[in-house]
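Asker: The residues making up each chain are set out below.
There are 2 protein chains.
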Amino acid sequence: MTGMSTDPIKEAKTQIAEARQNRITPEMHLVAADERLDPEEIRAEVARGRMVIPANPRHTNLHPIGIGIAARCKINANIGNSPTTSSLKEELDKLDVALKYGADSVMDLSTGGEINRIRDEIIRHSPAPVGTVPLYQMMSLVEEPQDLTPEIILDVIRMQAEQGVDFMTLHAGLLHHHLPLVERRLTGIVSRGGAIVACWMSFHQRENPLYTLFDEILDICRKYDVTLSLGDGLRPGCLADASDEAQFAELDVLGELTERAWAAGVQAMIEGPGHVPLDQIAMNVERERQVCKEAPFYVLGPLVTDIAPGYDHITSAIGAAVAAYHGAAMLCYVTPKEHLGLPNLEDVRQGVIAYKIAAHAADVARKRPGARDRDDEISRARFAFQWNRQFELSVDPELAQIMHDESLPGQEYKMADYCSMCGARFCAMKRTKTANSRK
Amino acid sequence: MTGMSTDPIKEAKTQIAEARQNRITPEMHLVAADERLDPEEIRAEVARGRMVIPANPRHTNLHPIGIGIAARCKINANIGNSPTTSSLKEELDKLDVALKYGADSVMDLSTGGEINRIRDEIIRHSPAPVGTVPLYQMMSLVEEPQDLTPEIILDVIRMQAEQGVDFMTLHAGLLHHHLPLVERRLTGIVSRGGAIVACWMSFHQRENPLYTLFDEILDICRKYDVTLSLGDGLRPGCLADASDEAQFAELDVLGELTERAWAAGVQAMIEGPGHVPLDQIAMNVERERQVCKEAPFYVLGPLVTDIAPGYDHITSAIGAAVAAYHGAAMLCYVTPKEHLGLPNLEDVRQGVIAYKIAAHAADVARKRPGARDRDDEISRARFAFQWNRQFELSVDPELAQIMHDESLPGQEYKMADYCSMCGARFCAMKRTKTANSRK
Numbered sequence: 018m019t020g021m022s023t024d025p026i027k028e029a030k031t032q033i034a035e036a037r038q039n040r041i042t043p044e045m046h047l048v049a050a051d052e053r054l055d056p057e058e059i060r061a062e063v064a065r066g067r068m069v070i071p072a073n074p075r076h077t078n079l080h081p082i083g084i085g086i087a088a089r090c091k092i093n094a095n096i097g098n099s100p101t102t103s104s105l106k107e108e109l110d111k112l113d114v115a116l117k118y119g120a121d122s123v124m125d126l127s128t129g130g131e132i133n134r135i136r137d138e139i140i141r142h143s144p145a146p147v148g149t150v151p152l153y154q155m156m157s158l159v160e161e162p163q164d165l166t167p168e169i170i171l172d173v174i175r176m177q178a179e180q181g182v183d184f185m186t187l188h189a190g191l192l193h194h195h196l197p198l199v200e201r202r203l204t205g206i207v208s209r210g211g212a213i214v215a216c217w218m219s220f221h222q223r224e225n226p227l228y229t230l231f232d233e234i235l236d237i238c239r240k241y242d243v244t245l246s247l248g249d250g251l252r253p254g255c256l257a258d259a260s261d262e263a264q265f266a267e268l269d270v271l272g273e274l275t276e277r278a279w280a281a282g283v284q285a286m287i288e289g290p291g292h293v294p295l296d297q298i299a300m301n302v303e304r305e306r307q308v309c310k311e312a313p314f315y316v317l318g319p320l321v322t323d324i325a326p327g328y329d330h331i332t333s334a335i336g337a338a339v340a341a342y343h344g345a346a347m348l349c350y351v352t353p354k355e356h357l358g359l360p361n362l363e364d365v366r367q368g369v370i371a372y373k374i375a376a377h378a379a380d381v382a383r384k385r386p387g388a389r390d391r392d393d394e395i396s397r398a399r400f401a402f403q404w405n406r407q408f409e410l411s412v413d414p415e416l417a418q419i420m421h422d423e424s425l426p427g428q429e430y431k432m433a434d435y436c437s438m439c440g441a442r443f444c445a446m447k448r449t450k451t452a453n454s455r456k
Numbered sequence: 018m019t020g021m022s023t024d025p026i027k028e029a030k031t032q033i034a035e036a037r038q039n040r041i042t043p044e045m046h047l048v049a050a051d052e053r054l055d056p057e058e059i060r061a062e063v064a065r066g067r068m069v070i071p072a073n074p075r076h077t078n079l080h081p082i083g084i085g086i087a088a089r090c091k092i093n094a095n096i097g098n099s100p101t102t103s104s105l106k107e108e109l110d111k112l113d114v115a116l117k118y119g120a121d122s123v124m125d126l127s128t129g130g131e132i133n134r135i136r137d138e139i140i141r142h143s144p145a146p147v148g149t150v151p152l153y154q155m156m157s158l159v160e161e162p163q164d165l166t167p168e169i170i171l172d173v174i175r176m177q178a179e180q181g182v183d184f185m186t187l188h189a190g191l192l193h194h195h196l197p198l199v200e201r202r203l204t205g206i207v208s209r210g211g212a213i214v215a216c217w218m219s220f221h222q223r224e225n226p227l228y229t230l231f232d233e234i235l236d237i238c239r240k241y242d243v244t245l246s247l248g249d250g251l252r253p254g255c256l257a258d259a260s261d262e263a264q265f266a267e268l269d270v271l272g273e274l275t276e277r278a279w280a281a282g283v284q285a286m287i288e289g290p291g292h293v294p295l296d297q298i299a300m301n302v303e304r305e306r307q308v309c310k311e312a313p314f315y316v317l318g319p320l321v322t323d324i325a326p327g328y329d330h331i332t333s334a335i336g337a338a339v340a341a342y343h344g345a346a347m348l349c350y351v352t353p354k355e356h357l358g359l360p361n362l363e364d365v366r367q368g369v370i371a372y373k374i375a376a377h378a379a380d381v382a383r384k385r386p387g388a389r390d391r392d393d394e395i396s397r398a399r400f401a402f403q404w405n406r407q408f409e410l411s412v413d414p415e416l417a418q419i420m421h422d423e424s425l426p427g428q429e430y431k432m433a434d435y436c437s438m439c440g441a442r443f444c445a446m447k448r449t450k451t452a453n454s455r456k
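Chains as they are written, first to last, in my numbering: chain A, 18 to 456; chain B, 18 to 456.
Just so you know, these hints were derived from the structure itself, not from any lab.
Among the hints, a few may not be true.
Since copy identity is lost for identical chains, a pair holds within one copy or between any two.
[Claimed, not checked] EDC-like cross-link-like pairs, simulated, lysine to aspartate or glutamate; straight-line CA separation at most 16 Å:
#1 Lys117 - Glu415
#2 Lys431 - Asp164
#3 Lys240 - Glu57
#4 Lys447 - Glu200
#5 Lys310 - Glu273
#6 Lys106 - Glu423
#7 Lys447 - Glu161
#8 Lys450 - Glu200
#9 Lys431 - Glu415
#10 Lys310 - Asp434
#11 Lys30 - Glu311
#12 Lys106 - Glu200
#13 Lys384 - Glu303
#14 Lys431 - Asp55
#15 Lys310 - Glu138
#16 Lys117 - Glu409
#17 Lys384 - Glu57
#18 Lys450 - Glu161
#19 Lys384 - Asp296
Remember, it's a predicted structure, so these values are computed and weren't measured experimentally.
Given the sequences, and given the hints that come with them, work out the whole structure.
Answerer: Set out below in structure tokens:
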């Protein structure tokens, strides 16, 4: 009997552990209010692992969110410097812009200098959950991937958990016997974390340490309620590699790790591709759902074509909207700078807006409570020629007004029953009213 | 027997009439070569009305295209001035930009001054088929919609046909008894042509003259092989109005008019919405296919949310990609300036590129012959770090290079095996090669 009371899993205070004990946490109440859902429904979703609430108690200024099929589709913005580019100030500006335009979470993917300090500042500034890929910091402590040791791996994960990171991407599902499958690919491994792990395994001819250390990792995650974002190190990097054996072999392992996380009282979500032709997206979402028992699917885009570097916020917003419509729970944005360089502030803005559009379109299509209200309100304002109201309701009010005012800048045009697109004589909405009033 | 030889329908030289006589025209041969299809397949598709080749013999510098489910998905760019904005020079610049970035056809929607001259110049300059909405020019000849007469209507259509217009949008399916259905809508009628016709019917309390004059219109179209683009005057202007009774009542009439066009030896395609939630797009495409007997579906977007004026090239590219994947044959672009003002040159560029992406993504998803070749080639260049080749294969080579060079401008970086996104140390593709070479 004393054995039971000291069982660390039973004692766990993670959201999933609490939910399974039939307790509704303050975080669940907040999520329920934001989602206009019943707190009991949130609890039930978290209990069965179909929703995660990444909420590390050390992230004290956090406003928690629920990520799962029952909730509004979320979007994540990746920020962080690279060894060649950017500074703390720039990264905090990116955080502000990402939050302003509607990012629900941010990942600090810094790989350049001052990794600890940048992450610390981002966590302190962000009311949104903050995620990381701890492998990047681990790499700052060694020369080459093969130099990573179990100590370094667990120390960095623990250190970041203590710092308040809410969710962590760990590429624990990419196994040694998957490596030959990669050789058949057009673009190999395109996940930075996946590539590091692959190098380690290839050098040592041993199993992925994130996999062999998974129990120890779960202990840390449980202690700080860090949500696992099970990374897809073998996500395809081009259409040609999509839905291949390598991708799905890793997904099978992620399904196994999901169950181990749940059994350990740890929340988990699953990362997904990447680059997927439009006709394979629904299948990919469905396959994740089956293999990973409905754990929330967190997809990167996917891009539906490879031919548009510079416009990959668009190529991927198409895939993201379709993935979310079919059931993806969170969308990791892609900026216009993808494949070309580190995103700057404007790229972050463009990426967040494109993804806000994709996620919202999916919410409307899935008929989530109240999802279409803002669409209807802006349409009403449009039909009433309330230009200022229309700008105000837009995802980017400043741009909407600038575009309108480009041709008709005067204040008098803010009440005009037409714009420069069709002009007064050809405005269909104006004529509708004339036609209606005659009857 | 002499009666038969002077039957104007039997004598018709339109593509559909020729196809039905089992003749493969030079235009069909050209389309077959471009589409990598058999000329006989093109003929068969045109004969059954499932493909149109808008090719007015008076458009002498035309390079014909095939629009239909068997062919690559096409994109149309609307250009033309409005009463408040733009000039001939600007419109010709828009034409050049639209063609440069891949528009397959252009519509001159000028409603401002110099309508005839602008159209004439556009036709002379454009190797792509040119479409119009003749109602706009009709309106330049009268004060109010109710002043339109059968003479004006037929004269303008004939005059434009003589000028070499390849396809014309005519809102012939919006009938008098549909008008009450519009009153229930949030944004009424948003088609300029539809609104003009509605005003006419409402004033005169009589049937749509484009409908009552349809046989005369068909005579003109047959003579000049003008392809009818049966306009959807009742297309929804917001998500709330999508797939409503008004929209589908008009669609039923378009189905009837399609069969009348075919019987008269005239090519026809069907215009579609506009604003449609993601979950209703497949249904809309399927419904058009059934009601209009597989006549090519030419959709405007559709936008999948109303909340993003300034970004409607993105909201609509999402809908367009999905519509094309489900079978739409041509996508009418929407620019970022939609709902806000007349597009300028940069808006045209952004609109065409977004739609090139949408159409291409659908072609890949539909597994059209060779559709993915360019994706694979650019992916190969990416994996080989051939930066210049990657730029060259992009939809917008200049932008791709500018974005890349923003952080790593030097010539030495054009062969570097990394970019500023991840830096040398974190490039996954670089590491893949290291891992592979070790085995």
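Asker: At most 16 Å between C-alpha atoms: does Lys310 with Asp434 qualify within a copy, between copies, both, or neither?
Answerer: neither (53 Å within a copy, 39 Å between copies)
Asker: With 16 Å as the alpha-carbon cut-off, assign the pair Lys30 and Glu311 to within, between, both or neither.
Answerer: Neither. Shortest intra-copy (22 Å) and inter-copy (59 Å) distances fail the 16 Å Cα cut-off.
Asker: For Lys310 and Glu273, with the copy left unspecified, which applies at a CA distance of at most 16 Å: within, between, both, or neither?
Answerer: For Lys310 and Glu273, only the intra-copy Cα distance (10 Å) is at most 16 Å; the inter-copy one is 49 Å.
Asker: How would you classify Lys240 and Glu57 at a CA-CA limit of 16 Å: within, between, both, or neither?
Answerer: Neither. Shortest intra-copy (24 Å) and inter-copy (70 Å) distances fail the 16 Å Cα cut-off.
Asker: When no copy is named, should Lys384 and Glu57 be tagged within, between, both, or neither for a Cα gap of at most 16 Å?
Answerer: neither (21 Å within a copy, 46 Å between copies)
Asker: Pop the pair Lys117 and Glu409 into one bin, within, between, both or neither, using alpha-carbon distances up to 16 Å.
Answerer: For Lys117 and Glu409, only the intra-copy Cα distance (14 Å) is at most 16 Å; the inter-copy one is 35 Å.
Asker: With identical chains treated as interchangeable, where does the CA-CA distance between Lys384 and Asp296 reach 16 Å or less: within a copy, between copies, both, or neither?
Answerer: between (23 Å within a copy, 9 Å between copies)
Asker: Up to 16 Å between alpha-carbons, please classify Lys447 paired with Glu161: within, between, both or neither.
Answerer: between (67 Å within a copy, 13 Å between copies)
Asker: 16 Å Cα cut-off: does Lys431 pair with Glu415 within a copy, between copies, both or neither?
Answerer: Close inside one copy (14 Å), not across copies (37 Å); limit 16 Å.
Asker: How would you classify Lys431 and Asp164 at a CA-CA limit of 16 Å: within, between, both, or neither?
Answerer: Result: close neither inside a copy nor across copies, 64 Å intra and 30 Å inter.
Asker: With identical chains treated as interchangeable, where does the CA-CA distance between Lys106 and Glu200 reach 16 Å or less: within a copy, between copies, both, or neither?
Answerer: For Lys106 and Glu200, neither the intra-copy (41 Å) nor the inter-copy (54 Å) Cα distance is at most 16 Å.
Asker: Checking Lys384 and Glu303: alpha-carbon separation at most 16 Å within a copy, between copies, both or neither?
Answerer: Neither: 19 Å inside a copy, 21 Å across copies.
Hints 2, 3, 6, 10, 11, 12, 13, 14, 15, 17 from the earlier list are contradicted by this structure; the remaining hints agree with it.
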